[in-house]
Amino acid sequence: MSKARNFTLLFATLTLFWVLLNGSLALDVLVVGLVAATLIAFLFRDGLAVVSELRTSPRALITTVRYVFFFIRELVKANLNVARIVLSPALPLNPGFVKVRTRLKSRMGRLLLANSITLTPGTLTVDLDGEWLYIHWVTVDTADVEAATAAIVGGFEEYLEVMYG
Amino acid sequence: MDIVGGLLLVGGAAFLLFGGLGLVRMPDVFNRIQAGTKATTLGTLLGLAGIACLQPDWALKLFLIGLFILFTNPISSQVLARAAHRSGARKSALTAVDRLEEDHGA
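Chains as they are written, first to last, in my numbering: chain A, 748 to 912; chain B, 9 to 114.
FYI, nobody ran anything at the bench for these hints, they're computed from the structure.
Do not take every clue at face value.
Sample of chain A residues lacking proximity to chain B, with all beta carbon distances greater than 10 Å (derived) [said to hold, decoys possible]:
hint, residue
1, Arg752
2, Phe764
3, Leu808
4, Ala830
5, Leu838
6, Asn841
7, Lys846
8, Arg850
9, Leu871
10, Asp876
11, Glu893
The calculated SDA-like cross-link candidates involving lysine to any residue, where the alpha carbons are at most 25 Å apart (straight line), are [claimed, not checked]:
hint, chain 1, residue 1, chain 2, residue 2
12, B, Lys69, B, Val37
13, A, Lys824, B, Leu15
14, A, Lys824, B, Thr80
15, B, Lys69, A, Asn841
16, A, Lys824, B, Ala97
Over the 12 Å line for every Cβ pair with chain A, so calculated as not near, a few chain B residues [stated by the list, open to error]:
hint, residue
17, Val18
18, Met34
19, Ile41
20, Gly51
21, Ile83
No residue lacks a Cβ here, since even glycine has one placed at the ideal position from N, Cα and C.
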C-alpha cells in the first residue's frame, strides 16, 4: 500500500464525512474541512484506513453486506443476553479469560474481528498478540483453545476472510 | 412514523437501563465493561434510529454518528479492559480461567 494511495483515500473519506456532517458546501465550511482533512491524512498516511485493505471483488462486496446483517443479528443477541443475565436474580455468571487463534492475516481483518467479538454475546477482546486473541467471556463454556476458537471466532472469520484475507 | 420513532426511543432507553443495571450488579470491572459496552451500543443505536424517524432530515447525520459509535465503542472497551488487566484489577472470585495471565503475567 503506497503512502500516496493511503493519503488520497483517507483525504477523500474525511472530506466526504465532513461535507455530509455539515450538510453544506459553503466556502468557509469547505475550506476548514479541506485543511483539516489534509492535515489528518498527512499525519496518518502510514496508518490503516477501513477502506484501504478491503478487497473489491464482487464476492467480497456481497460478503460485506451479508456480514453487516450477520453482525446486527449477533448485536441484538448480545444485548438480549446481557439483559437476561442482568435481570435474573441469581446473576448466572461463569467468567474467565480464554485464548483463541485467528486465521486472518490482514491488520484490518483482525481489527474488525476483535471489534465484532467485543460487540457480540458475552465476549470482550482484552488483548491481541499476533494471531492470538485473549477474550473475556461472561459464561465460559470451554477453556480449550480449539473449542473456544470455534465458538467465538468461527462465525465472523468466514466472512472476514473473504473481505480482507 | 412518530409512533415508530417513539417505540424505538423507548426500546433504546430500556437497553441503556439494562446496561446501567449491569454496571451495578456485575461483580468485577471486566463483567461491568461487558454490560456497559453491549447495552449502550444497541441502546444508543436504537435511540438514533428513533430520532431519525422523528426528524427524517437528520437521518444521514444520525447514521454517520451510529457508524462512529460502532467503530469506537468496542475499541475503548478493549483498551479499558486491557489496562485493567495489566494493572492487576481485582477479578471476581467466580473467574474460572485466565489464559492471559498464564501467558503474560498479571
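| query | Broken hints, numbered, in rising order? | reply | Of the numbered hints given earlier, those the structure breaks are 2, 4, 5, 6, 7, 9, 10, 12, 15, 16, 18, 19, 20 and 21, listed in rising order.
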